[in-house]
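Residue-level listing of the chains:
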Amino acid sequence: MKVFVEGVGIAGPGLNGWQASQPVLAGAAPYIDASVVIPPGDLLPSAERRRTGLPVKVSLAVGLEAIVNAQRNAAELPAIFASSAGDGENMHCILEMLANNGREVSPTRFHNSVHNAPSGYWSIATKSMQPSTSLTCYDESFVAGLIEAATQTLTSGNAVVLITYDATYPQPLHAARPISATFGVALVLTGNKTNRSLAELEIVISRKRNASTPIADAELEAIRVGTPAARSLPLLAALATLNSEKPQTPEKIARDKIAQAKICFDYIAGNQLNVVVRPC
Amino acid sequence: MRCDFLDIDLDTYVGRVSGLEDMPVRADLAAYDCRNNRLAQLGLEQGNFTEAVTVARQRYGRERIGVFLGTSTSGILDTELAYRQRDPETGALPKSFNYEGSHSCYSVADYVQRVLDLAGPALVVSTACSSSAKVFGTAARMIQAGLCDAAIVGGVDSLCLTTLYGFNSLGLISSRPCRPFDAERDGISIGEAASFVLLEKTSALMNSPLAAPDAVMLLGVGESSDAYHMSSPHPEGEGARLAIQAALQSAGLTSDDIDYINLHGTGTKANDAAEDKAVFNTFGSDTPCSSTKGATGHLLGAAGVTEAIICALSIQHGFMPGGLNTGHIDPTLKSAYLLKNKQQTLNFVLSNSLGFGGSNCSLVFGRMLERAGR
Chain E
1334 MKVFVEGVGI
1344 AGPGLNGWQA
1354 SQPVLAGAAP
1364 YIDASVVIPP
1374 GDLLPSAERR
1384 RTGLPVKVSL
1394 AVGLEAIVNA
1404 QRNAAELPAI
1414 FASSAGDGEN
1424 MHCILEMLAN
1434 NGREVSPTRF
1444 HNSVHNAPSG
1454 YWSIATKSMQ
1464 PSTSLTCYDE
1474 SFVAGLIEAA
1484 TQTLTSGNAV
1494 VLITYDATYP
1504 QPLHAARPIS
1514 ATFGVALVLT
1524 GNKTNRSLAE
1534 LEIVISRKRN
1544 ASTPIADAEL
1554 EAIRVGTPAA
1564 RSLPLLAALA
1574 TLNSEKPQTP
1584 EKIARDKIAQ
1594 AKICFDYIAG
1604 NQLNVVVRPC
Chain R
105 MRCDFLDIDL
115 DTYVGRVSGL
125 EDMPVRADLA
135 AYDCRNNRLA
145 QLGLEQGNFT
155 EAVTVARQRY
165 GRERIGVFLG
175 TSTSGILDTE
185 LAYRQRDPET
195 GALPKSFNYE
205 GSHSCYSVAD
215 YVQRVLDLAG
225 PALVVSTACS
235 SSAKVFGTAA
245 RMIQAGLCDA
255 AIVGGVDSLC
265 LTTLYGFNSL
275 GLISSRPCRP
285 FDAERDGISI
295 GEAASFVLLE
305 KTSALMNSPL
315 AAPDAVMLLG
325 VGESSDAYHM
335 SSPHPEGEGA
345 RLAIQAALQS
355 AGLTSDDIDY
365 INLHGTGTKA
375 NDAAEDKAVF
385 NTFGSDTPCS
395 STKGATGHLL
405 GAAGVTEAII
415 CALSIQHGFM
425 PGGLNTGHID
435 PTLKSAYLLK
445 NKQQTLNFVL
455 SNSLGFGGSN
465 CSLVFGRMLE
475 RAGR
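For the record, the sequence lines run as chains E and R. Residue numbers for the first sequence follow this note's numbering, so the first one is 1334 and each next one is one higher. Residue numbers for the second sequence follow this note's numbering, so the first one is 105 and each next one is one higher.
Check before you lean on any hint, since a few could be wrong.
As the list claims (entries may be wrong) - Using 27 Å as the maximum straight-line C-alpha spacing, the simulated DSSO-like pairs for lysine-lysine come out as follows:
id : chain 1 : residue 1 : chain 2 : residue 2
1  : R       : 438       : R       : 373
2  : E       : 1335      : R       : 444
3  : E       : 1541      : E       : 1335
4  : R       : 373       : R       : 305
5  : E       : 1460      : R       : 446
6  : E       : 1335      : E       : 1595
7  : E       : 1541      : R       : 305
8  : R       : 373       : R       : 444
9  : E       : 1526      : E       : 1335
Hints in this document: simulated from the structure, not taken from any laboratory.
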């Protein structure tokens, strides 16, 4: 499958938005670990925003950033949400309530417990009545989301936004499911090349032959290994490297073509996902 | 039955599958043991499903068959019970607790893929009560994009405290068996189920002696979002109407072609009123429709595929099921709600699934011969 990236959004430890993160991911600036910063302005009515947890805030922020970068209208794009973890803080509160006498569950906590809570808040925030799905594939949720998003844009002809996120679990759940960081990434994908395309992705599922592609920086590599949504980091690094020199010169494009990135992701059932990233 | 599940103290009825407590998962996959995966195992053992999958595996290869399942709460019951046994000093969960095999939302697809010895793409869609309708869309796209030749599509959701007490907190649980479209309806009855369908690519079956003569085709999928509220449907049913329209368009059909509609029809005041507006605004008041949740209860993440199977059976048997438990249809609802079973040849049927977060999906099914002849 061949799809094109039009916009990227990112929020993670020390990674505050795509513009600031590109030099770090391209290896041109040092990585400095810091808490995740969620930019304000998620379009949600304030009554709704008060009810949302970190996963909703992260996924809305990266989704909107990718769509702004792609110069698209969020209300026109089908959205694919992929997460291994959902909202562990909210789930922990419900589980504590259920373990107590009385079992009084808060109605807001209950409706926030569905895996598609970010998708629901997204459609309210963006007023989008477009289709939206919410999927999971454990550690390979980003790869599953990328496959779903690629098949959606290729079969429908519409641009789509893929939003992948995970948030750390509180104890005691963390001991059973140790997700190392809160991380969100969004990609606006199209089936055809447009004048806004940043890169082409050629996506192929094959039987497992190779180890997954790491990311050079050791701290980012630890985040990649420990956080399912951050399995996307090598792809983001390739996109950052391709776009680190603007304007594009013929020499730069020729150099990029030679240096096209081949990224291998772990997938399920003895398979891997291979993505070749080419400049546009 | 009146709720007799664990120590639940709610005044409600549940559709509980008996025997799960004494039925472990396959021995070599004991790491996946939880109520939800036990229910999945029981579902896979019904009829000749595994035999049909074996034939498909031989025909297409194990890497060419996907597994796309819906669930809302997966094996969270294990975590709920583990939270009752936390270490009083450290707060830790018992050592026996296994997140990946139970609570993880993906665990049921992982388990089913292993049981059926498949190695194609797999994922779980979890969009509350539309989960196992939306997996039909995923499967159709995967097949269309050439990543699969066939797919196991299904849904598995099992009883747990989160949904029972959660829906209760919203005032959406009935103290009687649910009465969809009734003037006195007062909420849902929660059930549990595992339902599976083997979908195969059309080109492999059209005019093929391999196709069962009464095979049913998935003709259209339509999806939409309400953009309205997290736990209340759009009051005018606009999201549901968009999903219905998209499904008809994707099937290349018009509203006049549909012979029967299997409604989402949960039995809550808000759902049935909103869905009725969507159906009436699309089909008028002549197309027969009913909810089968009076018989099954609300199967949540397994509802979409279970009702898809009911639609397939309706087509195969020329049978429209009347809605159970409903005494007096709400006079403010305008759709042609069936109270009694009706025999009639059905060519095209539509099924609605509408979930929390405003996640809507409609599916259109039809006879293979009807479609081939068009």
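Status of the hints after comparison with the structure:
Restraint check for residue 438(R) and residue 373(R): satisfied, since their Cα atoms lie roughly 14 Å apart, inside the 27 Å limit. Between residue 1335(E) and residue 444(R) the CA atoms are separated by roughly 51 Å; this puts the pair beyond 27 Å, and the hint is violated. Of the pairs offered as hints, the one joining residue 1541(E) and residue 1335(E) holds, with about 20 Å between alpha carbons and a cut-off of 27 Å not exceeded. Distance restraint check for residue 373(R) and residue 305(R): the Cα-Cα separation of roughly 39 Å exceeds the 27 Å cut-off, and the hinted pair is therefore not satisfied.
Proximity of residue 1460(E) to residue 446(R) is assessed by CA-CA distance (about 41 Å); at most 27 Å being required, the pair is judged violated. Taking the CA atoms of residue 1335(E) and residue 1595(E), the gap is near 14 Å; set against the 27 Å cutoff, the hint holds. A hinted pair counts as satisfied when its Cα atoms are at most 27 Å apart, and residue 1541(E) with residue 305(R) qualifies at roughly 26 Å. Distance check on the hinted pair: residue 373(R) and residue 444(R) sit about 22 Å apart at the alpha-carbon level, within 27 Å; holds.
Between residue 1526(E) and residue 1335(E) the alpha-carbon distance is near 10 Å, which keeps this suggested pair within the 27 Å criterion.
In summary, the structure is inconsistent with hints 2, 4 and 5 from the numbered list given earlier, while agreeing with the others.
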